[in-house]
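Engineer: Sequence:
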Amino acid sequence: MVSVRPLASLPVVAAPARYPYARRFGEVNGDPVLWTIDAAPEAALATALGIVGLLAVST
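For our numbering, add 2 to where a residue sits in the sequence shown, where the first one is 1.
Check each hint, because a few of them may be wrong.
Pair ranges (Cβ atoms, derived) [as the list claims (entries may be wrong)]:
| # | residue 1 | residue 2 | range |
| --- | --- | --- | --- |
| 1 | Leu57 | Gly32 | 24 to 32 Å |
| 2 | Leu51 | Val30 | 16 to 24 Å |
| 3 | Ile53 | Asn31 | 28 to 36 Å |
| 4 | Ala50 | Pro22 | 27 to 35 Å |
| 5 | Val59 | Glu29 | 29 to 37 Å |
| 6 | Arg26 | Val54 | 27 to 35 Å |
| 7 | Val35 | Leu56 | 16 to 24 Å |
| 8 | Gly32 | Ile53 | 12 to 20 Å |
| 9 | Glu29 | Leu51 | 13 to 21 Å |
| 10 | Ala50 | Ala24 | 12 to 20 Å |
| 11 | Leu57 | Trp37 | 16 to 24 Å |
| 12 | Ala58 | Arg26 | 29 to 37 Å |
Read the hints as simulated data drawn from the structure, not as lab findings. Since we're looking at a predicted model, the values are computed, not measured. Glycine residues also receive a C-beta, built at the ideal position from the N, C-alpha and C atoms.
Sequences and hints are given; from them, build the entire structure.
Structural biologist: Here you go:
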């Protein structure tokens, strides 16, 4: 079973300002789904994905 918290992408948009950063998106079969952002390219990707996620939730 997959559970995802709504608006999970909102904090990811601000990740470049505070990396290293670990974001928990929910759980899969009782295990946490984490994305650890350790470098600038990952932070840029996190910002782009966060904005896409916000647009998807808002429509």
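Engineer: Would you mind marking each hint as holding or not holding in the structure?
Structural biologist: Outcome of the hint check:
no. : hint                       : verdict
1   : Leu57 to Gly32: 24 to 32 Å : 30 Å, holds
2   : Leu51 to Val30: 16 to 24 Å : 18 Å, holds
3   : Ile53 to Asn31: 28 to 36 Å : 29 Å, holds
4   : Ala50 to Pro22: 27 to 35 Å : 18 Å, violated
5   : Val59 to Glu29: 29 to 37 Å : 19 Å, violated
6   : Arg26 to Val54: 27 to 35 Å : 19 Å, violated
7   : Val35 to Leu56: 16 to 24 Å : 18 Å, holds
8   : Gly32 to Ile53: 12 to 20 Å : 30 Å, violated
9   : Glu29 to Leu51: 13 to 21 Å : 19 Å, holds
10  : Ala50 to Ala24: 12 to 20 Å : 18 Å, holds
11  : Leu57 to Trp37: 16 to 24 Å : 19 Å, holds
12  : Ala58 to Arg26: 29 to 37 Å : 19 Å, violated
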